[in-house]
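Listed in order, the protein sequences are those of chains A and B.
Numbers 1 to 402, taken from the working numbering, label the letters of the first sequence in order.
Numbers 1 to 402, taken from the working numbering, label the letters of the second sequence in order.
Same chains, same label: a pair holds when it works inside one copy or across any pair of copies.
In silico lysine-lysine, DSBU-like type, Cα no more than 35 Å apart, as pairs:
{"#": "1", "residue 1": "Lys216", "residue 2": "Lys135"}
{"#": "2", "residue 1": "Lys102", "residue 2": "Lys83"}
{"#": "3", "residue 1": "Lys243", "residue 2": "Lys83"}
{"#": "4", "residue 1": "Lys399", "residue 2": "Lys210"}
{"#": "5", "residue 1": "Lys102", "residue 2": "Lys155"}
{"#": "6", "residue 1": "Lys8", "residue 2": "Lys281"}
{"#": "7", "residue 1": "Lys35", "residue 2": "Lys399"}
{"#": "8", "residue 1": "Lys155", "residue 2": "Lys83"}
{"#": "9", "residue 1": "Lys260", "residue 2": "Lys8"}
{"#": "10", "residue 1": "Lys32", "residue 2": "Lys366"}
{"#": "11", "residue 1": "Lys186", "residue 2": "Lys243"}
{"#": "12", "residue 1": "Lys245", "residue 2": "Lys188"}
{"#": "13", "residue 1": "Lys185", "residue 2": "Lys158"}
{"#": "14", "residue 1": "Lys399", "residue 2": "Lys186"}
{"#": "15", "residue 1": "Lys169", "residue 2": "Lys8"}
{"#": "16", "residue 1": "Lys17", "residue 2": "Lys32"}
In case anyone wonders, no lab produced these hints; they're calculated from the structure.
Computed from a predicted model, the values in this text were never measured in an experiment.
2 protein chains.
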Amino acid sequence: MNIQDIIKELSISTESKIVLLVADGVGDLPSKEGKTTLEYANTPNLDELAARSVCGLTDPISRGITPGSGPAHVSLFGYDPIKCQIGRGVLEALGIDIELTKDDLACRGNFATIDNNGLITDRRAGRISTETNQKMCSLLQESINEIDGVKVIIKPGKEHRFVVVFRGKELEDGISDADPQLTGKKIKYAEALRPESKESVRIVNQFIDKALEALKEQHPANAVLLRGIAKHPGLPSMNELFKLKPAAIATYPMYRGLAKLVGMDVVDTGETIADEFVALKDNYQQYDFFYVHIKKTDSYGEDGNYDAKVKIIEELDGCIPQLLELNPDVIAITGDHSTPAALSAHSWHPNPFLLYSRYIRVDEVKHFSENEFVRGGLGRFPAMEAIPLMLANALKLNKYGA
Amino acid sequence: MNIQDIIKELSISTESKIVLLVADGVGDLPSKEGKTTLEYANTPNLDELAARSVCGLTDPISRGITPGSGPAHVSLFGYDPIKCQIGRGVLEALGIDIELTKDDLACRGNFATIDNNGLITDRRAGRISTETNQKMCSLLQESINEIDGVKVIIKPGKEHRFVVVFRGKELEDGISDADPQLTGKKIKYAEALRPESKESVRIVNQFIDKALEALKEQHPANAVLLRGIAKHPGLPSMNELFKLKPAAIATYPMYRGLAKLVGMDVVDTGETIADEFVALKDNYQQYDFFYVHIKKTDSYGEDGNYDAKVKIIEELDGCIPQLLELNPDVIAITGDHSTPAALSAHSWHPNPFLLYSRYIRVDEVKHFSENEFVRGGLGRFPAMEAIPLMLANALKLNKYGA
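Could you put the whole structure together from the sequences, leaning on the hints where they help?
Structure below.
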């Protein structure tokens, strides 16, 4: 028995409502005027809420580890990000609304261009349009429906990106990327990283050959590169683990996919932050846990666009009253990982974490920012402990032992 | 090898003395004037000590987990509270001063009332008086002394509560409650939750049948309900793990029982906090580790009696000079869990933890309170790490590795 088994045993279903608001990549590094984007932004609503909350900092995985969106979210959803690894292919598949089964092996694909010598000249086939991509995927699907009894499902993403799902009994992951990652190189075939995956590798490589054959007259999309070949992780649902009835509000496919993976219902939402809070309000009676995902804090961080990140933080701040109006029993506001504009990338820095409920020891924090939260009453903790903390504050966890 | 094996290997016996003072449930939530009971109470002695100590906050189990007294104490005594689980029946038995052996299976019992159709009409037999309870237990004990070679020990608790101990080789736990938890239902028999416990279940269910037979002419206590059927945990002693010679000073049976489970000597004490410090002084030469338990901080918390909790904290504060007079090498003052008066129950909030020795980095904390301790030099840590910290400060831990 470990702590997670115990939380599963202690959790109970109640009427109380929890909102987990994730401003993706919101944590930053000091830059303009020596301030982080959160420090620079004018955030009266977040500050006011922080002043009557208890705050802290979370590590998504462990100090120094920069997580991808998968492990960062898995952790925030209460799963052990070391044990529950989610392959990139699976994330991509879920992100374009492919309903995966536990038998599935999923891969990210790029359409690419190769020359007459079979050398890659463009790893993204000149970023073909999404329409061209859709045509190419139809072409592939027509000629490749099944390989040795394994069903093959091909779906377009945006521009040059697509997803292949292999559906069949006894498929195994532990397979290398089939992508040399460089132009001027030949197409690469997949390799087995463990003996059990040899048969699956054979299927994947047959797919590559069949795709090259089907695409040989096409230009510029005349080749495929496969990456992130991964099996569905088969996670228990948040309902099973925590007795929650969870809903996800997210504008980007991958996050909706992540939410589905842990058994959340994904509800309809418009594109803006204000729209997302409207979706929250519209679905508020039907669920008791809400994951609201704000993407653009991360996007502008990745772009290295400090000013745009400041603006989106201010836009989020402007929507906080919409959230408070609903009067949830528990509010948590945090990031999944930091994406400092100065790095234009995810980073290992801890996330500000705000917790509001009627059962907290309000601390001395007065502003929503990374450095103020260092003094917060929650201290610094693994993001994986956020869910038990929210459950406790919603009175959804029974006592452990007598 | 894990950290606990390492601590066992490193610990040495020395002359230095450690006092662990546990104010049960002392942690609170802000209430009167926005203050916790610790913040509201006038505690000059605790504050003065805090100002020359290093402070922090502990989680008994993990963030968000509300512990019962069992796991909360096990953790403070340096044992892993996830691995070392103590069943409810064992705690109840300890609570009424039954001397348990490692062969024992202990259960909580309720006297209950059933009607002519065998349906439960009152799960507590109208809360019979403790005297009636004592008579019923004598009656049961007279007719049931032994079942198939297993000794049966029946002891009254308060009102309708009693404890049954089955003592015999090869008894196993993993047994369901024999209690439907509802009126209008039939008596429930125990069931085996794992194959190994089948034989023990047979003994338990024979006891139920014999009890029904013995009580059939009694009213209202004509039936029994058994819960929390649990085996003695057989923990290694604190002497074995930490080379300590520990003594317990506690006014409530359950805490004396918990202390015995980890091999402490339980010494005589009067009822007041001042009496407990006298007992500490009287036994100070014979031991090197003292667990002093103050119960009423928890009791008043459970009662939701903020003012009485404040008063008992002030009473404790008044006794601190008695403790300081002994000049222990290490003093730790903490709670086992929080019991906020506003919740009238145990809670998941961390415990203030004060550590005094001559080898500390004194921090900025000036007052003994939950929120002041957030800024403490010890930070926030699992309560299980308190014992190694005390051992180190008593110079009772050798270096790890070369």
